[in-house]
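J.: Each chain is listed here by its residues.
Number of protein chains: 2
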Amino acid sequence: MTSRQTRNRDRADRGIPEATVARLPVYLRALHALQERGVSTVSSEELAAAAGVNSAKLRKDLSHLGSYGTRGVGYEVEYLVYQISRELGLTQDWVVAIIGVGNLGRALAGYGGFASRGFRVAGLLDADEAIVGQEIAGMPVEHIDRLEDVIAERGVSIAVIATPAAAAQSVCDRVVAAGVTSVLNFAPVVLSVPDGVDVRKVDLSIELQILAFHEQRKAGGPGGYEAAGDGDRPSETAQYVEAVEL
Amino acid sequence: MTSRQTRNRDRADRGIPEATVARLPVYLRALHALQERGVSTVSSEELAAAAGVNSAKLRKDLSHLGSYGTRGVGYEVEYLVYQISRELGLTQDWVVAIIGVGNLGRALAGYGGFASRGFRVAGLLDADEAIVGQEIAGMPVEHIDRLEDVIAERGVSIAVIATPAAAAQSVCDRVVAAGVTSVLNFAPVVLSVPDGVDVRKVDLSIELQILAFHEQRKAGGPGGYEAAGDGDRPSETAQYVEAVEL
DNA sequence: AAGCCTTTGTGAATACATGCACGAAGTCAC
DNA sequence: GTGACTTCGTGCATGTATTCACAAAGGCTT
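Residue numbers (this note's numbering), protein chains in the order written: chain Z, 360 to 605; chain B, 360 to 605.
Misleading hints may appear alongside valid ones.
Stated by the list, open to error - Only some residues are given here: those of chain Z computed to face chain B with a beta carbon under 10 Å: (1) Val385; (2) Ala389; (3) Gly461; (4) Leu463; (5) Val491; (6) Glu512; (7) Ser516; (8) Ala524; (9) Gly555; (10) Arg559; (11) Val561; (12) Leu567; (13) Gln575.
What the hints assert, rightly or not - Taking CB as the label site, the calculated pair distances span: (14) B:Asp504 x Z:Val398: 43 to 53 Å; (15) B:Gly431 x Z:Gly538: 39 to 49 Å; (16) B:Glu395 x Z:Thr400: 33 to 43 Å; (17) Z:Arg533 x B:Ser422: 53 to 63 Å; (18) Z:Gly538 x B:Asp508: 45 to 55 Å; (19) B:Glu507 x Z:Gly374: 42 to 52 Å.
What the hints assert, rightly or not - In silico lysine-lysine, DSS-like type, Cα no more than 30 Å apart, as pairs: (20) B:Lys416 x Z:Lys416; (21) B:Lys560 x B:Lys577; (22) B:Lys419 x Z:Lys577; (23) Z:Lys577 x B:Lys416; (24) Z:Lys560 x B:Lys416; (25) B:Lys560 x Z:Lys416; (26) B:Lys577 x Z:Lys419; (27) Z:Lys560 x B:Lys560; (28) Z:Lys577 x B:Lys577; (29) Z:Lys560 x Z:Lys416; (30) B:Lys560 x Z:Lys419; (31) Z:Lys419 x Z:Lys560; (32) Z:Lys577 x Z:Lys416; (33) Z:Lys577 x Z:Lys560; (34) B:Lys577 x B:Lys416; (35) B:Lys419 x B:Lys577; (36) B:Lys577 x Z:Lys416; (37) B:Lys416 x B:Lys560; (38) Z:Lys560 x B:Lys577; (39) B:Lys560 x Z:Lys577.
To be clear, the hints were calculated from the coordinates, so they are not data collected in a lab. Please read these numbers as outputs of a predicted model, since none were measured by experiment. Idealized CB from N, CA, C, for every residue including glycine.
Use the sequences and the hints to build the structure in full.
T.: Written as structure tokens, this is what we have:
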């Protein structure tokens, strides 16, 4: 099964830079859009524009997968879609479980962007008895007690954690113990996992905070108004509550 | 208003690396957790562990804001919270409008992590007549026609776009024309904006695709099974639909 | 079939980020 | 006050990512 590992792909494939991997889905999306418009061939310049990157960067990124372009012409859209999909592992189906069916979990369960890319949501789990049994996006919410069973029975390989922060680490421990090695975490905590397990984090408020930083910068430096520097230290900030519900 | 731009802050502040800015919210969160546990002082080693980073990196990051630590002791939690908050611009309130009140927009409207960090949701807008008028998280959904009015009247400075992909660019153009210079985009498209406008993107499916890539890697190379390389090029991939509803 | 034109793929230069390792600066005990 | 000890702040080396710029490669026209 793992026989022909590094067969084709001479030096490509081994060690595709992370930064490149992170951009491949963006290229893929742009390519799909072109495909729908009936475009069959695209230059690095055009595709780069559609993806919002520099064309040299795009070419270098693609060169990591192999040489799939034709000089003087560009890239064949359909073929490139296939190559990137394959590289990203989207030619196979991935079985996903969503743990935590609050507002966000619900949104994720109904998100069309998953199913269309080979991600099959095979389980919705929650600890809240009031939610268990409800049907969300055509699928019943199951009790968190069944977590290990669901993972084993349905071959879940990716866990999406959308629980409150307080529950996230223990849920994570359980899915990892059950054999899951890829976790997508929406809870606002840093999860610790053993080596060999990948965790990616999506944090809705971190992005806003980064925007706020730049926005403030445009308006003229941090603490620009009122006492800047080491003024009164507020003691009211302690009322932040991390137990936000997702 | 832009008068005292680069005033205080000698060499700090100017040019805090992006990578550092992106980590500050994580540190802040870890610090809040410590604060709740009554910890008043923390070493770089401890805080780094809580934030999931290397301690040297943490110290270097913090050094960009100034020297707020005490050698031999560590950092005073409360003071550091204040300094980071100030640097990120969280000591002032930011007025946010959420455009697109589908599943995701609803989840965002109810997300506790915004309000607790100085982000005030002052408007929910949607084009769907069936949704307009509904009350979400204690706030009425208004018609998208009122977008410019809402932005102007309430002083919206950050727009959160959670519309379907097809609507995102035109919504973006409108908020930018109305004077907004910070956009958080959840729609799966690359938005183009004039210079001076910041766009950050949160893409739920991109993260999954990155996980899939690594997961596949663990299992033994891309396309490891079946015809690898340049086999049959599927023509069915064209049925991807980008008009996912958010 | 020869030459022109376009566009790729990549070497080299630059910029950015990470992590080590250690001197400097402070605290605490006595 | 003095010395031992802890921990910060940072110079330097290493690694990673981006961008430029151009030669090599192919198609297209005549």
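J.: Going through the earlier hints one by one, which of them does the structure break, listed in rising order?
T.: Result: hints 5, 6, 14, 16, 17, 28 and 35 break, sorted rising.
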